[in-house]
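As they're listed, the protein sequences go chains A and B.
Quick note on our numbering: the first sequence kicks off at 1 and runs consecutively.
Quick note on our numbering: the second sequence kicks off at 1001 and runs consecutively.
Hints were generated in silico from the structure; no laboratory data involved.
Heads up, some of the hints might be wrong.
Interface residues of chain A toward chain B, partial, derived using beta-carbon atoms under 8 Å [said to hold, decoys possible]:
1) S96
2) G469
3) N862
Straight line, CA to CA, 30 Å or less: simulated DSBU-like cross-link-like pairs of lysine-lysine [what the hints assert, rightly or not]:
4) K1234(B) - K828(A)
5) K69(A) - K1176(B)
6) K1147(B) - K53(A)
7) K150(A) - K1201(B)
8) K71(A) - K123(A)
9) K246(A) - K69(A)
10) K1147(B) - K1114(B)
11) K332(A) - K400(A)
12) K60(A) - K123(A)
13) K1123(B) - K150(A)
14) K69(A) - K42(A)
15) K1135(B) - K150(A)
Note that the Cβ used here is the ideal one computed from N, Cα and C, for glycine as well.
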Amino acid sequence: MSSMIQSYVTAAQNRKNVNSNYSQDALRTHVKPYRPKGHLVKSNPLNPVNMIKSDAEALKYFFRGIQGKGKDHSVGRVNDIAIKLGSLGIAGMLASSSGSPLNRGMEFIGLACWLGAMSLWPKLAINTPIKLTKGVDLNLEYENSMGQRKQFFQDPQFICWDLVSDEEINKMGDKLGIPKNIQNRRRAIENKARQVAIQGNTLMLSTAGFATPLIAALAADQIGKNLYSKAVEKVQDIKTSSLKDKLLSSLNTLTQDKEANEILTQKLTETITPDTRKFLIDFCNKKVPEGLFSKEIETAVDGILQNSIKASSVKIDDNLALEVAKKVMEQKYPNKPVDGVVSDEIINSFKELVGNFKTKYGDSLTDKNIDNFVASIEDVVREKNIMNSKKILTIPDAIKSFYKSKAVSSASSETALADFKQLVKLLDTYNSKVFKGFGDYSKLVLNGNSSASAFIWEQASQDILKAFGIKPQTLKNMAYVPSGPEYNKLLSGIVDDVINNPERFNTAMKKLGDIAAKLNAKNEKNIDFALQYLDTIQKTFSNCDKSGALESISNMFERLVASQRAEVLSKYMSTNNTIFAPIRLLSILKEAKNNPDIDYNVLKNILLNSQNAETFIGKFDNLQTVISNYADYSKYMNHVWSGLSDSAKQNLSAELAKTIDANTNIMKVMLTSLSDGVNTKFPVSSGWDVKNALRNTKFAKYIDEFFSLSFCPRGDGAIEIANRIAKTIEQDVNRIDELSGILKLSAQDVANVKKGQIQIVYDALYGTQKAGQGYIKNGRFRFKNIIEFLGIKNIDELGDFAISASKVGKVSSMEGKNLGAFLKDGAKNMYTYQTWLKRVGFSFIALCAITAFAIARIGKKNEFNPDIYKRKEKSVNEN
Amino acid sequence: MSSVSSAHRIHNNSEPNSAKFRHRHAGMKHRPGFFKLKHKTSDKLRNSDLYTKAKINIENAINTPEYIYRGLKGDPDFNFFEYLRVSKVPYYLGGLGLAAVCLAGRNNISPHTKQSNAQLFKKILSGVLMYYVGKEAANAAIDVPVKLFRGIDLNMPYRKITALREGNPMNLPNNKKQGTQRVFESAEFTRWDLLYKYGEKNGTNEIFDKLAKKFGAKGRMADSDSRVKGKIRKLIIMANSWKYMLSAPFVTMALGLAYQNSFADINLRSLFGSLVDIVKPSSKSMKLRLSQFGTSLKSNIYEPVKNSFKELWKGNSTASKIMGRGAIIASLGMAILANAMILHKTSLKHHARRTEGGQK
């Protein structure tokens, strides 16, 4: 019997996880049970190493679990890792469908904040205060004899008090306020601690549902705003510069496409038929985006083939004589089958000709002797009187084309191959290396939509509002009042407040200057590179071998570079306008306020009113489209001159009268409309001559000068400049100097732009680049004028002189918006955010207050825990 | 959100023979009758039909505030089962809270923002709801095949009677509390006792005999219970492990579906309307009403879900394509693998002769 028991026990010992039933059996047989190995685990719950360890353990439990091994506890742990993996999956799913890298990253930050809040709220907000005030550590863990790690207080009906020493229990009891002189104090302390644990755990569960989303949202918001957006910016800087290097180096190390080479070699050593030609054109077309250059490529391919034909030859023999005879007879009888009309006599005479020609020029017919060959054919035809003299004229062409068709079939491929290789290289360079790379670059840098600059711009619009010192109530109104007269009135009031208060004005200008400088500096760098890069591309193409057929295609590339440059510059300008719009607004209005000659209110309304956002002269560009709305000419002119005072109109018309060519109908009508307001039907079909005539006036010259200023508006501010100048002209033309002085001062306030940056822009525009010049001729950007206008003779004099030139990458959503709309967007964003922050923040504070109150009540006596203690009798020795 | 299974502890708790119990309550001995424990259990199986299960869910939901109250008061009778019930609170509240936080900034600056708020609300809410749908689907992906092929209803409920400490202020009849738990919740403390049929005509092992057949045993077994128990224990461990892990791809897929364009076409209001039409008295024939409901079901649920799957599969970028396909393939693949493994490992077909299957 005993041996049976022995073997039974041994078997039990051999099992890895000892079942309690076995232990009990062992007890009955007077065999000692295993010494319990349970112990408390003291570790920092916030230690990331522990967290990772615990996850790894959970994963291990999963792989054991799916084989049917494990216990309830270990299987339960799988849930921890599953929640994390599921959350990661969700974040990945959301990130993958979100457009911008910023949002993509935010999904993961949100996830991290969510998981973080889930694990930190119980530990920090509930368990730590309880530990500090009650001495009961709910984070405490223990490891049982089977090595399973569990929360000490998780199951209130099963707390392993035997793992806690008397000393620790008494310490806990002191903190819990259990009287010292009572019977069975340890039990009392244990009960109280259990009460605290139940209360703490329930409080944690009841608050976590509110706390986790609140904390996660607040944390993700702050991280996104303060850390992540900056990190993204940094990463983008790194990306940008590495992309830069890559782009520039790719230009220097253009390698040839091996596959392309092989195919070309093969094709060109074959017979060149129309099919081959088609193949070559298709092949080259594949190297560029569909539709681009197809014509140019065809020309280039033909050119290359022509070259190869020139180097080829046709063998001279009797067969050639027969063919030539046929060709000649085809000319005589275009509509008859050739075989019927070629007589032996004719064939013989051509055989004779070919024989003579062979003796004289050698075995083959080449590009060099083809003309002689044609001439001798003509001679023979005339001599033998085969056809009349009129028909003879068609023979050279026929023979030459015949020669070409024959010659191609034996073309020498060497030259053609070299040319094709160069063509393919060019096309490849264009598509995959140069412009595709540049496309990536501009996507990353210039188009803010998909980059962090969207975030920056949203921030900027809010910063600008803050710079204006707008009160919360006004901000709300700005967000709520719909665009229109009421909104303009509101905005106008805000602007008046700033203008009328010198202190506020100065603060606002300083802040706006800082914002502008910051935005300016960042993207100026990128624009520099964009222009630099385009220059390099252009140089590459100018330096490439433009021999023969490739010329047209290289020119095409240069034109493309030019259009890219125009795009970059246009971005440059539009962003510039937006950055400096508020500064412009304030500085010009401040000046107008103190200037009795300027109609302050008219000016302000024009500046803020979105309806007048077109440029002054630019209105004539749209003449064709708006003309239908202004059938009545004088009304149209009133629209054009809107913003000008009556006297300004008078002066302008007087000036126009002097410069106008009296023979131009339009000018006549225009003049009359200004002076008399006569209703005349508009007789013009194009706005261009009006515009050009207007440009020649002194008035327009001033306008033009002002348009050229980088911080001077091309868009919404144009009319007020016109107004200002009109007013100035009224008084004294010389006051323009004064005006320029004001502008100089404003410019100095604005931002610090390094001399070198100006130089770069200047070079980009006034260098040798055709594109830049073409763009400048358009009259939209005249940097040089600024410098001249400001009285700077030499660009080196600029030094630290501040001109707010440039800033590109304005996000598409904000692009082209006038100041009022821009600020409205900012107000909407800011108000929405503030509302959100208020609501979420308040909820969180309320939750914390409730939690703190509840924690303060924990451990108190209540109907479930009556706290009845018996005094300790003397001489009773506890334990 | 706690993850530890409970049943064993609660059950174990009322076992007066256990050494732990004796140890724990040693100090209370001076209060005679403090625990009036019934040695004979009155725990009883409940029906496994959908109606009862729905009723149990409602019971649990109704009881939860009471659990919270007692928990916050620190009732010494508060047990782990109740703790787990309370842990459902943050589980559901967290999702709703997330939706609420996302919408906290809403305002009606313009009719446009109002409209986009409504859209955002719908989108976020459907995302949150789909999360729970995904979780449930992961459970069903195991529960349904297990029930089908092994005849085990992992959610089989039983009525659990817990004796309370004397002096509990709740004043319940006989000072006993009743709740509902699951027979197969724990692999270590499975309530086998509820599955025996003492004194029945077909033998004590009637249920186990049937199960043994389902598990693939050939012929009648004398000790079907001990054979089947080991397999069921294995099955519970495997099923629970897989359920947890499956939730990861399933919730990913569910969220992915929720954010597809077609998903917004789901119109529960219209579906509910056509459901009401079936019950509402009208001149239409029942056949017509049912067919109308069928059409409504198709256009309001089936088509949008089908199209959402298609969109998820196609994706609108390489990344979303990879994620979408990955989630679908992982969900299906893991579910199939899980069931294949469970069926393989729990089969009695090839292990009929082995004796280590279970313990009594």
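Do the hints match the structure? See the list:
1. S96: 4 Å, holds
2. G469: This hint is violated: G469(A) lies away from chain B, its Cβ roughly 22 Å from the closest one there, beyond 8 Å.
3. N862: 5 Å, holds
4. K1234(B) - K828(A): Measuring from Cα to Cα gives roughly 59 Å; hence the hint is violated.
5. K69(A) - K1176(B): Outside the cut-off at roughly 36 Å; violated.
6. K1147(B) - K53(A): It is violated: about 36 Å lies between the C-alpha atoms, which goes past 30 Å.
7. K150(A) - K1201(B): Cα-Cα ~45 Å, so violated.
8. K71(A) - K123(A): The given pair, whose Cα atoms are some 27 Å apart, holds under the 30 Å limit.
9. K246(A) - K69(A): Answer violated: K246(A) to K69(A) is near 54 Å, above 30 Å.
10. K1147(B) - K1114(B): 48 Å, violated
11. K332(A) - K400(A): Within the cut-off at roughly 17 Å; holds.
12. K60(A) - K123(A): 25 Å, holds
13. K1123(B) - K150(A): Answer violated: K1123(B) to K150(A) is near 39 Å, above 30 Å.
14. K69(A) - K42(A): 28 Å, holds
15. K1135(B) - K150(A): Roughly 25 Å separates the two Cα atoms, so the pair holds.
Of the numbered hints given earlier, the model fails hints 2, 4, 5, 6, 7, 9, 10, 13; all others are met.
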